[in-house]
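J.: Build out the structure end to end from the sequences listed, making use of the hints.
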Amino acid sequence: MPAIWTATALFIAAYCLVFGSRLHRTFSAMVGAVAMVIVGREMGFYSPEAAIEYIDFETIALLAGMMVHVALLSETGCFRFLSIKTAKLTGGSPWKLAATLALVTAFVSMIIDNVTTVVFIGPVTVLIADVLRINPVPALLAEAIMSNVGGVGTLVGDPPNIMIAHAAGLHFNDFLTHLFPVVLVVMIACLFGLRLLFRRQMREKSQHLETVRAMRERDAIRDMRALRLSLAGLGVTLALFLLGEPLGIAPSVAAMAGAVVSLVLIRPDPDKVFREVDWTVLIFFASLFVLVGGLDGSGVLDKVAAWTSGFGRNHPGGASVAVLWLGAVSSALIGNIPTAAALIPVVSRMGGLGIPVGPMWWALALGVGLGGNATPFGGAANVVAISISEKTKHKITYGQWMRIGLPVALISCLLATAAVLVLPW
Amino acid sequence: MEGGVINWTHAGVALAVFAASYVLFITGWVHRAIAAMIGGALMVIFGAHMGFFSHEQAIEAVDMDTIGLLMGMMILVALLEETGFFRYVAIRCAKATRGSPWRLMVIFGLVTTFVSMMIDNVSTIVFIAPVTILIAEILRISPVPALIAEALLSHVGGVGTLVGDPPNIMIASATGLTFNQFLVNMFPIVVVMLAASILLLRWLFRKKLAEQPQNVESLNKLREQDAITDRRKLRKCLCALGLTLVLFLLHGVTHLPPAACTLIGATLALTLVRPDPTGVLAKVEWPVLIFFAGLFVIVGGVDSAGVLQIVGEKAAGFAHTSPAIAVTAVLWISAFFSMTIGNIPTAASLIPVVGYMQTLGVETNALWWALAVGAGFGGSASPYAAAANVITISISERTKTPISFGQWLRVGVPITLVSCALSNIILVLVHLHLH
Numbered sequence: 075m076p077a078i079w080t081a082t083a084l085f086i087a088a089y090c091l092v093f094g095s096r097l098h099r100t101f102s103a104m105v106g107a108v109a110m111v112i113v114g115r116e117m118g119f120y121s122p123e124a125a126i127e128y129i130d131f132e133t134i135a136l137l138a139g140m141m142v143h144v145a146l147l148s149e150t151g152c153f154r155f156l157s158i159k160t161a162k163l164t165g166g167s168p169w170k171l172a173a174t175l176a177l178v179t180a181f182v183s184m185i186i187d188n189v190t191t192v193v194f195i196g197p198v199t200v201l202i203a204d205v206l207r208i209n210p211v212p213a214l215l216a217e218a219i220m221s222n223v224g225g226v227g228t229l230v231g232d233p234p235n236i237m238i239a240h241a242a243g244l245h246f247n248d249f250l251t252h253l254f255p256v257v258l259v260v261m262i263a264c265l266f267g268l269r270l271l272f273r274r275q276m277r278e279k280s281q282h283l284e285t286v287r288a289m290r291e292r293d294a295i296r297d298m299r300a301l302r303l304s305l306a307g308l309g310v311t312l313a314l315f316l317l318g319e320p321l322g323i324a325p326s327v328a329a330m331a332g333a334v335v336s337l338v339l340i341r342p343d344p345d346k347v348f349r350e351v352d353w354t355v356l357i358f359f360a361s362l363f364v365l366v367g368g369l370d371g372s373g374v375l376d377k378v379a380a381w382t383s384g385f386g387r388n389h390p391g392g393a394s395v396a397v398l399w400l401g402a403v404s405s406a407l408i409g410n411i412p413t414a415a416a417l418i419p420v421v422s423r424m425g426g427l428g429i430p431v432g433p434m435w436w437a438l439a440l441g442v443g444l445g446g447n448a449t450p451f452g453g454a455a456n457v458v459a460i461s462i463s464e465k466t467k468h469k470i471t472y473g474q475w476m477r478i479g480l481p482v483a484l485i486s487c488l489l490a491t492a493a494v495l496v497l498p499w
Numbered sequence: 005m006e007g008g009v010i011n012w013t014h015a016g017v018a019l020a021v022f023a024a025s026y027v028l029f030i031t032g033w034v035h036r037a038i039a040a041m042i043g044g045a046l047m048v049i050f051g052a053h054m055g056f057f058s059h060e061q062a063i064e065a066v067d068m069d070t071i072g073l074l075m076g077m078m079i080l081v082a083l084l085e086e087t088g089f090f091r092y093v094a095i096r097c098a099k100a101t102r103g104s105p106w107r108l109m110v111i112f113g114l115v116t117t118f119v120s121m122m123i124d125n126v127s128t129i130v131f132i133a134p135v136t137i138l139i140a141e142i143l144r145i146s147p148v149p150a151l152i153a154e155a156l157l158s159h160v161g162g163v164g165t166l167v168g169d170p171p172n173i174m175i176a177s178a179t180g181l182t183f184n185q186f187l188v189n190m191f192p193i194v195v196v197m198l199a200a201s202i203l204l205l206r207w208l209f210r211k212k213l214a215e216q217p218q219n220v221e222s223l224n225k226l227r228e229q230d231a232i233t234d235r236r237k238l239r240k241c242l243c244a245l246g247l248t249l250v251l252f253l254l255h256g257v258t259h260l261p262p263a264a265c266t267l268i269g270a271t272l273a274l275t276l277v278r279p280d281p282t283g284v285l286a287k288v289e290w291p292v293l294i295f296f297a298g299l300f301v302i303v304g305g306v307d308s309a310g311v312l313q314i315v316g317e318k319a320a321g322f323a324h325t326s327p328a329i330a331v332t333a334v335l336w337i338s339a340f341f342s343m344t345i346g347n348i349p350t351a352a353s354l355i356p357v358v359g360y361m362q363t364l365g366v367e368t369n370a371l372w373w374a375l376a377v378g379a380g381f382g383g384s385a386s387p388y389a390a391a392a393n394v395i396t397i398s399i400s401e402r403t404k405t406p407i408s409f410g411q412w413l414r415v416g417v418p419i420t421l422v423s424c425a426l427s428n429i430i431l432v433l434v435h436l437h438l439h
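Taken in sequence, the protein lines are chains A and B. Here the numbering used here is used: the first residue of the first sequence is 75, the next is one more, and so on. Here the numbering used here is used: the first residue of the second sequence is 5, the next is one more, and so on.
Just so you know, these hints were derived from the structure itself, not from any lab. Heads up, the beta-carbon is just placed ideally off N, CA and C, and yes, glycines get one too. Check before you lean on any hint, since a few could be wrong.
Covered, in the sense of this in silico footprint (three residues per stretch, anywhere, with C-beta under 8 Å from a C-beta of chain B), are these stretches of chain A [stated by the list, open to error]:
hint: 1; segment: 96-106
hint: 2; segment: 323-335
hint: 3; segment: 353-361
hint: 4; segment: 473-481
In silico EDC-like links for lysine to aspartate or glutamate, alpha-carbon gap of 20 Å or less [unchecked claim]:
hint: 5; chain 1: B; residue 1: 287; chain 2: A; residue 2: 343
hint: 6; chain 1: A; residue 1: 469; chain 2: B; residue 2: 86
hint: 7; chain 1: B; residue 1: 287; chain 2: A; residue 2: 370
Here are some chain B residues pointing at chain A (derived, C-beta under 10 Å) [as the list claims (entries may be wrong)]:
hint: 8; residue: 55
hint: 9; residue: 263
hint: 10; residue: 268
hint: 11; residue: 285
hint: 12; residue: 288
hint: 13; residue: 294
T.: Below, the structure written as structure tokens:
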């Protein structure tokens, strides 16, 4: 029991350090991770070796590989090309811009990972806003939020869905028929929610539309040869993403393999390319995984799981709703992957007790996916969006995130609850 | 893998990828970080497809202790460098030479040795070599003896401690040998080698060291106080570095792995100094860390295909017959590979082999030290054997007297041969005859 309280206290302290922005979140998370390992080791619930086990190198390697792709592509001027094109198409209206980009993000992140999507579309967004001289924050926030929503819609959209499908033996089409329609409704609701929350920023139309109209997107391409070669490398990665499963190639390996192809073909200075990778984000995630690992090692997650399972036994009717909200809250606090890892065995155990778990799996997927929007650290895409914004004049603050993300998460979880209660799953 | 049974198709594919990567390392057609990524990606793709190496195994194979330790040290060095600390040390040393070419070589060589016990060799050379050239230019003497001495002695110092050189870090991580065990076993060897190397250098450079220095008095115009850019930051960094060192030494009490000690120190430094996170992390040498990760994956694939176990079993049979020859063989094999493919790939491939020998009951204590010594000293022989040498040469190319390939070999090869032979004798005497 003391282990549980200590780990929880350390976790909360680390969270306060991360939120109280005196120390950068990466360093704060490192301090938290170091403290968790030292204290956990002293009390016997954690160790440096266990901490390394908890770091999800799959996610980190995937991100690093995709960031190399982005670094190479942005050198070629490809993102500038895309952003001038998009700026022209949307006619300088911030709302049209945010909505278009967010919808593209949502649909793309149904097929590939959320973070990957935001890693790519984020820099484009920043450039568009720069060209139009408008604030990129609404569009960036909308993208991160919609990528989390879109990811819930398919089996491959988000790691928790893959984990759930694996544990429950569900197929691609099961997700499509059950979750996809719900996700479409939630997406529309979120878009309107965002429109309402950003009504002030959405009103200011770009004053620079004429300048943008005069720009030639062709001129933005600095190095056509490098562009072709880096697109070839990206093509390898995308092909391996899609063909990877039958060949036994993990997404992280696919990302790395494609990045290697680009690096070998373009032959840039590796030092320069690797410096472009956002290491602050990667180290933040590694530290966060270590922190959550301590929480798990101390038995907190087991405790929560035991309570849920007890609740499910006593109230089989409300169990799905309970799983949904627990998943949402937990995913907002500790991230979606650890939450899914902790709650999947709980649902399986309830199934073993004879409680009908069919709807519970969908409730879990919805809760975990949608709840992550509530806080800046609920989803990996959120952190990436924030980190991208910090390189511009318009930084997304944690408070700003909560003001937008929390209401959106609440609306979408309420809608999901309605779906769980009404739909005949 | 059942003992001795091996799927030769798997082994062949793994060895082919391994060999191809090492060809890339030696020829340098692509940067070695990218070469390691190519090898790693191919190994996982083939391994996963053929079923001898999954990507989970690949992630397991990456030695996070080594990477964490290096990353922590790199963060500490990056912060310390900004304070002007290294420049300060170098100017102090310059004044202590009082203009003598011989003293310039010895003092700068010794400082390099001691600094490279704590900090990696390349960083040490990067800060000390430019100052050496500056001093030599003021005195109008040749910087070559001092520069070569620095590079060679950085290898000697690196062998002395757990954190001095990547092969030692890798050996410690694979075996659990502690900081103090390294100090006790390697430090005496390092002291002997230091004396031997300096005497040998004195003789090899006898003509250059006889040059008459000029402008000796202008050395006093250098002001070391001006080198320090930020005193408070310096104090904080040294505090964190001190904590790291204390944690290393207290391993017997705390049992913290070296990577944890370094990362605790680095976290403390980052918290105290609060630098721009993107800036400080950009100074970490990521290509080196990526090179390591790729290399671990490549060697992990070869290991997973069962090749290294076979080699280990064969070597174990051999070592049972004659321990002294086993020590000698490991030392010279690792020295030879270290001078051809570099010390890090050498350590990465030989550590699992010695590890298998250990599981088969061979007394490997002396073998680990032989590996550390061979991989470390082998790096001195040729200009391309170690990154520190390459840096020294490229820095010397900014002067009127760049170091040539032949010039390096004439000094590097004798020193390598003498230090390997001497440490071979010491290891055999101490470990096999005293016990």
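J.: With 10 Å as the cut and Cβ atoms as the points, is residue 55 of chain B at the interface with chain A?
T.: holds, 8 Å
J.: Given as covered by chain B, does the segment 353-361 of chain A meet the bar of three residues or more with CB within less than 8 Å?
T.: With 3 residues in contact (Cβ-Cβ under 8 Å with chain B), the coverage given for the segment 353-361 of chain A holds.
J.: Please verify the coverage claim for the segment 323-335 of chain A: does it have three or more residues whose C-beta sits within 8 Å of some C-beta in chain B?
T.: As far as the segment 323-335 of chain A goes, the hint holds, because 8 residues have Cβ atoms under 8 Å from chain B.
J.: Between the segment 96-106 of chain A and chain B, see if three or more residues pass the 8 Å beta-carbon test, and mark the coverage as holds or violated.
T.: Holds: 6 residues of the segment 96-106 of chain A have a Cβ under 8 Å from chain B.
J.: Please verify that hint: residue 285 of chain B, Cβ, nearest Cβ of chain A, below 10 Å or not.
T.: holds, 4 Å
J.: Decide if the proposed pair is consistent with the structure: residue 287 of chain B and residue 370 of chain A, CA atoms, cutoff 20 Å inclusive.
T.: Roughly 34 Å between the alpha carbons, so the hint for residue 287 of chain B and residue 370 of chain A is violated.
J.: Given a cut of 10 Å on the nearest C-beta pair, is the interface hint for residue 294 of chain B held or broken against chain A?
T.: Given a least distance of 7 Å, the restraint on residue 294 of chain B holds.
J.: A closest beta-carbon separation below 10 Å is what the hint needs, so does residue 268 of chain B meet it against chain A?
T.: With a closest approach of 5 Å, the residue 268 of chain B hint holds.
J.: Quickly compare the C-alpha distance for residue 287 of chain B and residue 343 of chain A to 20 Å and report which way the hint goes.
T.: Given that 20 Å is the threshold and the Cα spacing comes to 15 Å, the pair holds.
J.: Does the nearest C-beta of chain A fall within a distance shorter than 10 Å of the C-beta of residue 288 of chain B?
T.: holds, 7 Å
J.: Can we keep the residue 263 of chain B interface hint, with Cβ of chain A closer than 10 Å?
T.: holds, 7 Å
J.: Given the hint that residue 469 of chain A pairs with residue 86 of chain B, does the C-alpha gap stay at or below 20 Å?
T.: violated, 27 Å
Of the numbered hints stated above, those contradicted by the structure are hints 4, 6 and 7, listed in ascending order.
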